[in-house]
Structures are given as C-alpha cells and as structure tokens.
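Chemist: Residue numbers (my numbering), protein chains in the order written: chain L, 104 to 486; chain D, 464 to 724.
Any given hint might turn out to be false.
Which residues of chain L face chain D? A partial, calculated answer using Cβ under 8 Å [to be verified]:
(1) Gln113
(2) Met114
(3) Met115
(4) Lys121
(5) Ile122
(6) Leu128
(7) Asp143
(8) Glu147
(9) Ser151
(10) Asp152
(11) Arg155
(12) Leu165
Estimated spans, in silico, between C-beta atoms of each pair [stated by the list, open to error]:
(13) D:Ala670 x L:Ala391: 52 to 58 Å
(14) D:Val666 x L:Phe297: 31 to 37 Å
(15) D:Glu513 x L:Glu414: 45 to 51 Å
(16) L:Ala403 x D:Ala614: 56 to 62 Å
(17) D:Lys719 x L:Gln372: 57 to 63 Å
(18) D:Ala614 x L:Asp143: 26 to 32 Å
(19) L:His375 x D:Lys518: 55 to 61 Å
Hints listed in this document are in silico derivations from the structure and should not be mistaken for laboratory results. Idealized CB from N, CA, C, for every residue including glycine.
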Amino acid sequence: MEYFLNDQQQMMRDLARKIAEERILPVRAELDEKEEFPWDIIRELANSDMFRIFVPEEYEGLGGGCLDLCIVVEELSRVCSAVAVSYAAVDLGIIPLVQFGTHEQKQKYLPDIAAGKKLAAFAVTEATAGSDASAIKTTAQRVSGGYVINGTKQFITNGGEAELYTVIVSTDRTKGARGASAILVEKGTPGFTFGKKEKKMGIRASATRELVFKDCFVPEENLLVREGMGFIITMKLFDKSRPGIGAQAVGVAQGALEAATEYAKHRIQFGHPIIAIQAVQHLLADMAIQVEAARSLVYATARTVDSGVKEVSKESAMAKVFASDVAMKVTTDAVQVLGGAGFMRDYPAEKMMRDAKITQIFEGTNQVLRNVIALELRKSKSR
Amino acid sequence: MNIVVCIKQVPGTTQVKIDPATNTLVRQGVESILNPFDAYALEEGVRLKERFGGKVTAISMGPPQADKMLREAISLGADQAVLLSDREFAGSDTLATSYTLSQAVRNIKEYDLVICGRQTIDGDTGQTGPEMAEMLGLPFVAYVSKVEDAANGTLRVQRLVDEGHEVILLPLPAVITVTKEINVPRLPSLRGMAKSKSAQIPVWTAADIEADKQSIGRAGSATVVVKTFSPERVRRGQVLQGTVEEQLEALVGKLKETMII
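Next up, chain D with everything else stripped away, as it sits in the complex:
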C-alpha cells in the first residue's frame, strides 16, 4: 500500500505573534516543529507500510525551511519526502492549500491512501483533509482512531464519534484524517537519522504540479484573514433565585432565549 502523508511545519510555541499588516502568523524567529497531529498521521502511515508493504511519501507545502521537518519525517520512517515550495503558494488559505496538496498527490500518481492529521495546531481548521478528498474525488473519513485492516482494495477503520466508535469500510484509494488516539508515535532511529541527512528532497513548484495559477496562493484563496486577536474573556454568572421549580423555569427560559434548546 503506497501512502502519502501530508504534514505541516508549525510554530513550536504558544507565544505566537501576528503580523499586523497581513494578519497572518509571524514565523520568523520562532522554532518550527512538525505539527503534533501530523506525527500521528506519519506514524500510522509507517505502521501500515510495515503491516502491508508499500512505501510512505511525506509531502508538505511550505517555505524552504520545511526541508528540515521533511528530513525528520524520513528519520521517523517515511521512505521519501517532497517539498512544495514556490512564492506563488504564499498566502494560501485552506482551499488553496488543499488544491496545491491535491495536485501534488496527483503528481505522485501511485498512491492508495492519503493520511492527514485531524488539524494543525496553528490554523486549527481541520479543513485541509476533507477539502483534499473533495478535490481528488476520493472517499473520506475524518477522525480515524484505528485502522483495523486493509484487504481487497478496501480499508476498515474506526472513527471516533461523540457516542463511541463507528466502524467504516471504504474503498481505496481514499483520504483519512487521524486523531491522537490512533497510536503513540515512535522516536527516530539512528539509521533513520543518518538516512534523513543524505536524503534527496525534491522541491516541486507550481509548474511541477501543473497548478492552475488562479487556484493557488492568495489568488486561489476564498478567505482573507481580516483580523486575528485574542478574545476578551467575559464571564457573567447569574445565580437563580427562588424555589427549585422557579429556578428550573428560569433556567429553561434562559436556555430557550439563547437558543441552546
């Protein structure tokens, strides 16, 4: 089973700064790490390869510095990695990102499964996985907490839902996003680290993946970040008075008023 794992470099800190001009994250001077949720995606890809054979390709769209993270992916078991880097990709929202990643997946050609983390810890949207599935026209399951089996061109997975787990059978190729319950990511190995140092990591530009210029970067983004700010925390408590019945009445009234029920 050939697997593509989509990973992203994110600021390794909670002290994120916002560029007031563009309203996007300031990435300079901040240590970058592999998005923690993507580590589960990568680990699951490597485990599936170990179980069913095939190879794992890690891809990431980002600045040239993301090369370091892709090498880390190789030290953690990925067979190869591809960096999607081009000035034209700058300013992408999730739609443009999903398009770019989808084009890269198409360019890889031989793949059976695309795995993403459930979301990133910087953007936090959780949209890229499902959007990619849509663009690639592939079946999709989000929040996979266990891959039970892969056989006869299908994948049997468990999906984490509020009430418990759903077991879903889906035909391959497919796209899944995984939760942190799915595994415990391994630490790198010395041989993997040595391999990652000498690995060739190709850089694909917009032209390499035959991307439509209107669908990438700022031009391809359907959303613009107008403002990013920390919300003011306002807590207003209200103590209900009267008998239990009266309090209940008042509570139900409040809930209806705020359209919670």
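Only chain L is shown next, with the shape it has when bound in the complex:
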C-alpha cells in the first residue's frame, strides 16, 4: 500500500527497520526471558537520533510529528514490542512538556531527551485510579517555593530507568479532576524512590514500576502551566499518543503475519507446505487484510493529529481500539498457524501474542475508549 511517506519518513522507517533487524532481533528472546531493560538498544536508538524525532527543532530535535513517531514505533514493534514501548514512553513523558511547558522548562530538559542521554516517563495510574483518572490520591501540597508530593504511582512504564517524570498529582482534593496538576519530577529528588518492578505477561523487557513519593519537595518552576490543568493535560496527551499505541499494535501484528506466512511456506504436512491448504490461506489472508486496515486507520489518524485539528479524541481512540483488537486477533491466529510450534517459546509467535494483549489495555482500555467514541457520537449534531 502506498502511504505517501516523504523522504525523511522513508529514511526513518528504513533506519528503524535496520536497527530492529540488526540489533534487536538477535537479542529479543533473551531480553524477554530475562525481563531485562534494553539499555544497549536504547543507546543504539539514541545514537541513530531516534529520540530527536519527537523533540522540537529548537531543542535539538528533528521536530517530527505523530506520524513520524508511529512509523518508528511500528518498525520497532514488528520485531519487539517491549523495545517499542520503552521508546514510545519517552515521547509520552515529554508530550505535556512540549505542548504546555515554558521555554525555560523545555530548555532544561529537552536537549538531553533529544540526545537520548535521559529517558522520560508519564505517571497518572495509581492503585485506585486507572480508567478513572480523576480518582488519584497522590497529593502535592503547596509550600513556600514549591510543592511537597506524597503518594504512590503504579504500573509506570520506564519507571526507575527514566530521569524525568511527568507526574499527575492532586493539588486540591476537593475539586476532583479539576484539582489535578501536572508536575515534572527528576529522578534522584529526595523523597522520590521506586517501588517494586512488575512481572508482566508481555512486553517483559520494558520496565514497569511503582513511583513512591514521600514528602518529596519539588520546586514550583516544575509545575506545568498552572494548578488544575492536570486532567486537561492528560486528556490532550492521550489524544496525541494513542495513535502510537495503534502503531505498536500494527507492528506486532505485522511481525506475527510475517512469522506465520514464513512458517506456512516451509511447514510440510500431507506432502506439501501448509500454505497450499485453503484453510490456512484464508487465515493468512484475513490477517493481512486486518493488518493493512489497521495501518491505514493509524496513519490517517496520525496525519489528522499532525494537521493540528483541535478535536481528535474520537479518531485517536478509534485507531487505538481497532489496531489493538487486530493485534490480538492476528497474533492469536499466528500462533494457530504455527500450531504446536506456535505455543513454544523457541518460536516468536507466542511472545507476540503476549505482547499484543497490553495494547488493548493501556492508555485507556478498549472499553473506556469505546465510551469516548460513543460520547463523541452523542455530542455530535444530527444532520
């Protein structure tokens, strides 16, 4: 399919694919097995300027948009979703800063992010606040010159590995969602420590950890915009970032489709390769249709985000929901095509199936996102 990528986007895709195939593929099974954060690969990505893509040009980035990120995430996820997530979570961590930060805040943090010297993370989820982001209990109390943060964030991607955290805190518990604020916290700030590292079903090489704040003082210049903007910042962030999850889903589905096709060409049963069997052919054909449809929707949505239109909640929710459901279906079918081998950890299909599942859950479960889509439908004027 022709997606009319420009020269720079083709270059990004080629380079991301090269990194994925030459550097990630040989170690992906080991990374998954050991649940080890892929620092060597992060460094390769940094050296290849991949972290510059989503940083504005004035802060030593390449000023790329949502589609540029999606292209890279898809290529990385095609080989290993855990690496793709670790990469994309850095973008997630800095989008609020890029969108809402002051020049001083950006100047302080973004050049190091662009160079890949420091990673970033975004933290909203808590034990009692997931889909209901307004239920956060982590507080930031106003004191002279700054805020004192108390509380625990959980399931934070890049937790422990990142240097910069965009944390959603409550600055006024009486106001609920309107009392939420976004604040930048650096690793190493006294009172800021990391809790347990989660053991996960998939994307196991990525780091998922608790952030623990105990009387953690953060200077006031770390606040994004002003108090009470936390919830809006979060919603705007997810509108922009969800196509990236869609791209992660497309990538893992593409990888699974390729693995299944390759296996079907070489697996001989009843005297011929199983790809000659119509039941298998139709399975593969359906997988291919779904992957391409998901890619089309994700790219179109990313272009919509890049066009600068104000309201993209519905579109980005649709791209994320559709692509992640496709990823789950296609990776499950890939395991089926590989049969017994698909169930074995020596083959890549089962990892892809495990890795795909999270795309239906994080950055808004597909159920909550269907609510978002339905809400937009209800709000729309009848013609």
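Once you've looked at the hints, dock chain D against the given chain L.
Modeler: Relative to the frame of chain L, chain D by itself:
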C-alpha cells in the same frame, strides 16, 4: 588528528559473475555495498576523531555509482568524501589502485593517518593498504585490532598475530589496516543521513590528482587476470594401515614428501 579512510564498493552477494572477455567481475545488476572490512576502518576513523578531534575523509576509487556508498560513509560519521573516478582508472589492479589512492591522499595534504580495511571481499588480496604505505613512504601496520592511544605524534596499536597481540608504537603520519575485531560499526543516524543527502562529493580525475598516465588503470597494472574460475574440489583421503608406529612413519613420510615439514 586528520584521518583518510579508503573504502570500496563491492558486490553485496556471493553470486558473483565473471565477464568472460575481461576476466573481471560483472558489476552491473548486482547490488553494491560498502566492503564490510572497510566499515570497520571507517568506524575506527570516526571513533579516533571523536577521541582526538580532527576530521575524517572517506575516499574511494570507482565508477560514478560509488557516490552512493560515499554518502553512506558520511551518514556513518565521515566529515567529507571524495570520489576518484575517471575512465583512465578502469582495469586497475592493486598496484594501480594503490598508486591512484596514494595520489589522492597526497592531494588531501593534511592527514595524519590513513586507514584501510584488511582486505576487500571481492578481490581478497589485502595488498592495497601495504602498497599505499610503500608509495607514500609511510610506516605501516597491518591487521590492527586495537588503537590504544595517539599522543605526541605517535600511534600505539595492537596487531593481531597468530600467537596473540603485538603492541606497536609508530610515528604519524602512518598507514594501518584494521581487522573486524577492532570495533562494532555503528548504524547511521538520522542527522547523518540528512547530511549525507545534501553533501557535496567532489569527483577527482587523473588530472586532479596529477597522476602519471603510465601508473594508472590498465597501463599501470603489473598483473593481468588471465582466468577466474571456481576451483574443483578434490578430496582424497587415505587411511593409513599398520601399527601406530608404522602409521606415524607413513604420516611423517607423507608430510615430508609434500614438503609440509
């Protein structure tokens, strides 16, 4: 430290075809790649620049299409690149190639170190590096597996030999060839790729490098490829009979007969 890295475009396949008329490689229709050994040379040049400052110039003698590979060299960290291309260079053997490259290095003037890969994967001779050193009248170390340090106009390197490593100190300017143990070449960067697209890559002809016409191309080649063929593999095994002593006797006799010992 200013470094010149000599690189070559080679067929990116093992399915090489030989032109029956000229007995040289058919390059048309075959994807060309940067000679893998030269990638180590380029990477080492870029690393030395990063350690000690200076700049890296990649040079290659080849057809106009080699421009693509030189741009790749820039995306991998070379500061500039020069293509040596002229019909007069055609048909060069290693002697003529070494002469041409040496003239180009002379033309660059400001250089402290010339780095080559240990050999190419098409010609496989490993002669160009040492021949260049001879022609430039510079100290030379082959099979460098590590550059330890550069200080006070000298270079401290390790050379891979059968028994281990030799540590050699040599004055600069110098020529070295490197092995694949020396580093892991980096992948290109997006900024490097963008730079490589817009880079100006000058083409130097025989006249530009003041080359002696009798020393370049076919005229300057001391060797002619008469025939290129895949050798027939003949394996003849022989099982020695008798007691251990008798077998030993027979074995030693065979080895002496074939002048192995």
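Chemist: Compare the structure with each hint and give your call.
Modeler: Comparing the hints with the structure gives:
no.	hint	verdict
1	Gln113	violated (10 Å)
2	Met114	holds (5 Å)
3	Met115	holds (7 Å)
4	Lys121	holds (6 Å)
5	Ile122	holds (6 Å)
6	Leu128	violated (13 Å)
7	Asp143	violated (11 Å)
8	Glu147	holds (6 Å)
9	Ser151	holds (5 Å)
10	Asp152	holds (4 Å)
11	Arg155	holds (7 Å)
12	Leu165	holds (6 Å)
13	D:Ala670 x L:Ala391: 52 to 58 Å	holds (57 Å)
14	D:Val666 x L:Phe297: 31 to 37 Å	violated (57 Å)
15	D:Glu513 x L:Glu414: 45 to 51 Å	holds (47 Å)
16	L:Ala403 x D:Ala614: 56 to 62 Å	holds (58 Å)
17	D:Lys719 x L:Gln372: 57 to 63 Å	holds (58 Å)
18	D:Ala614 x L:Asp143: 26 to 32 Å	holds (30 Å)
19	L:His375 x D:Lys518: 55 to 61 Å	holds (59 Å)
Of the numbered hints stated above, those contradicted by the structure are hints 1, 6, 7 and 14, listed in ascending order.
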